[in-house]
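Novice: Here the protein sequences come in this chain order: A and B. Start counting at 1 in the first sequence, then tack on 1, and there's your number in the numbering used here. Start counting at 1 in the second sequence, then tack on 12, and there's your number in the numbering used here.
Incorrect hints may appear among the rest.
[Said to hold, decoys possible] With a straight-line Cα cutoff of 25 Å, these simulated DSS-like cross-link-like pairs (lysine-lysine) come out:
1) K65(A) with K195(B)
2) K72(A) with K139(A)
3) K65(A) with K126(A)
4) K195(B) with K126(A)
5) K72(A) with K113(B)
6) K195(B) with K139(A)
7) K65(A) with K113(B)
8) K72(A) with K153(A)
9) K113(B) with K49(A)
10) K72(A) with K195(B)
11) K153(A) with K169(A)
12) K12(A) with K65(A)
13) K169(A) with K139(A)
What the hints contain is simulated information worked out from the structure, not anything from laboratory work.
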Amino acid sequence: MSLRKSFGGVKAVDGVSMDVEEGERLAVVGPNGSGKTTLINLLSGLLKPDSGDIYFKGIRVTNKPLHARVKLGIARSFQLPSLYQGLTVRQNAAIAVSALRGFSLRPVDEEDVRDALERFGLWEKRDLPVGSLSEGEKKILDIALAVVARPKVLLLDEPTSSVAEENKFELMEFVVGRLKGVSLVIVEHDLDIVEAFADRVAVMHSGRITAVVPPGEVRRMAV
Amino acid sequence: MRGWLSPIAIITAATAAYFGGPFLRFAAVYILGWSLAVFGAWLLLRYGLVNFGIGASYALGAYAAGLIYKYLHTADLAVHLLAAVGAAGAWGALNGAVGIKTRGIYYSLLSLSLSMVLYGVLVKFYTVTGGSDGLYMPDPRLLGVRIGTAGLLALAALLAAAWAALGEVFGRSYAGHVAAGIKINELRTSALGADVGRHILISSVLASIAAGLGGLIVGYSTSHVSPDFAYWVTSGKMVVGGLIASFLPWTWGFVASAALYQAVELYSLQFAYPELVVGGLLLAILAAWRLYYRR
Chain A
2 MSLRKSFGGV
12 KAVDGVSMDV
22 EEGERLAVVG
32 PNGSGKTTLI
42 NLLSGLLKPD
52 SGDIYFKGIR
62 VTNKPLHARV
72 KLGIARSFQL
82 PSLYQGLTVR
92 QNAAIAVSAL
102 RGFSLRPVDE
112 EDVRDALERF
122 GLWEKRDLPV
132 GSLSEGEKKI
142 LDIALAVVAR
152 PKVLLLDEPT
162 SSVAEENKFE
172 LMEFVVGRLK
182 GVSLVIVEHD
192 LDIVEAFADR
202 VAVMHSGRIT
212 AVVPPGEVRR
222 MAV
Chain B
13 MRGWLSPIAI
23 ITAATAAYFG
33 GPFLRFAAVY
43 ILGWSLAVFG
53 AWLLLRYGLV
63 NFGIGASYAL
73 GAYAAGLIYK
83 YLHTADLAVH
93 LLAAVGAAGA
103 WGALNGAVGI
113 KTRGIYYSLL
123 SLSLSMVLYG
133 VLVKFYTVTG
143 GSDGLYMPDP
153 RLLGVRIGTA
163 GLLALAALLA
173 AAWAALGEVF
183 GRSYAGHVAA
193 GIKINELRTS
203 ALGADVGRHI
213 LISSVLASIA
223 AGLGGLIVGY
233 STSHVSPDFA
243 YWVTSGKMVV
253 GGLIASFLPW
263 TWGFVASAAL
273 YQAVELYSLQ
283 FAYPELVVGG
293 LLLAILAAWR
303 LYYRR
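This is chain A alone, in the form it adopts within the complex (with noise of 0.2 Å):
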């Protein structure tokens, strides 16, 4: 609720006040520098805000950590794949399986490091190095790791960034396909992916929300 947060003189988020529904694909849409992934990292727990609250569920997270958040069932996904490299597609599962046990030392649950990777099509490349994988499927195995915490809210910053224009509405399609009834904030550019995939649309500009329409008036908002 009216989130702000500056960085030295630049408002990058401006009194923000948004809701997102259960189960609803909300799109934030905005030129470069409009604070979208500002408001991710807000939301997310990666950033602080200067003022302002946010809810999750009726609980106030405003000072709540990022792992805190996780457990709670806010996740995100990053601009660029946030991965371990140097490391198998296995092993990062692995990782993300463990983050949420706490301490402790039993050892991984071998069958929790598979559905995580079988959900998202990427057991069969379980022994590649993260390296070696395609933009597309770096940017899914990110999405498969985020969601291995059964996220309610999965905040998505530019899904589809860096991914060729030919597999963007594939990979959407796809990960979408594996997300039915968890609340997606999608930050995006490509408007056409935002139609097709988003119930709402919040446009951003200069670190506010100027509207919130629905897909099908977005392109009347940016002309």
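Take the given structure of chain A and dock chain B to it, following the hints.
Specialist: Below, chain B without anything else, positioned relative to chain A:
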């Protein structure tokens, strides 16, 4: 079965050393004690934390027993072990709590600074700590009976085997995977739900306890503890030991690393400038480390 290989290897090596004569027995106790401190450094390296103050934990383990003997006049092994674990564990908690917010060179310098504060205390509080002369360490007794060199060797081997077993378990555990995650990409690991600070705090305590027990064993073996145990150069040697251990494919690598380092240090003593020999080894290890990570 694979998980038992490291403890079995350590017990086997210690048994062989027992039959190798008095010098090998002494050397084995010293190396096993030193290896526990190396284990502490190695464990923190798993998180990407280079602790240049691990020697403080090593010193506290020995000083706890030395002070108990000085003031309470007991050489009881159980009491000494409890005191060493308590003192080193508390120091590890302090280090972990202070170090939670720092990483990289800042963490290293902070841990070094804390250890040198302790070093200063040990040197300056002469009436309590014996100053730079240090304290006498008694022959420990178990149920009133002196355990002797054989008993000390058995104790050192059991402790090293226990920590090796912990290392084996840790490597395959949820906590071990989180450690790898924190080392490579801490932010991502946190964004996956790991409480990074808690992991580092617990591991700091475990690492410190291992080092403290190592200090206790070495103190017993030489019948003496001095502030040099806490000196940053001592910590540096342990970190190098931890680095060597991290190259090795076995969990008992921390014992192999300690043996290698002690052998080189002993060998270097025949030269006019032994530091050059040890320094050459350290440079070679650093070069190998760079090549390893570049690969």
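Novice: Provide an ascending list of the numbers of those earlier hints which the structure does not satisfy.
Specialist: 3
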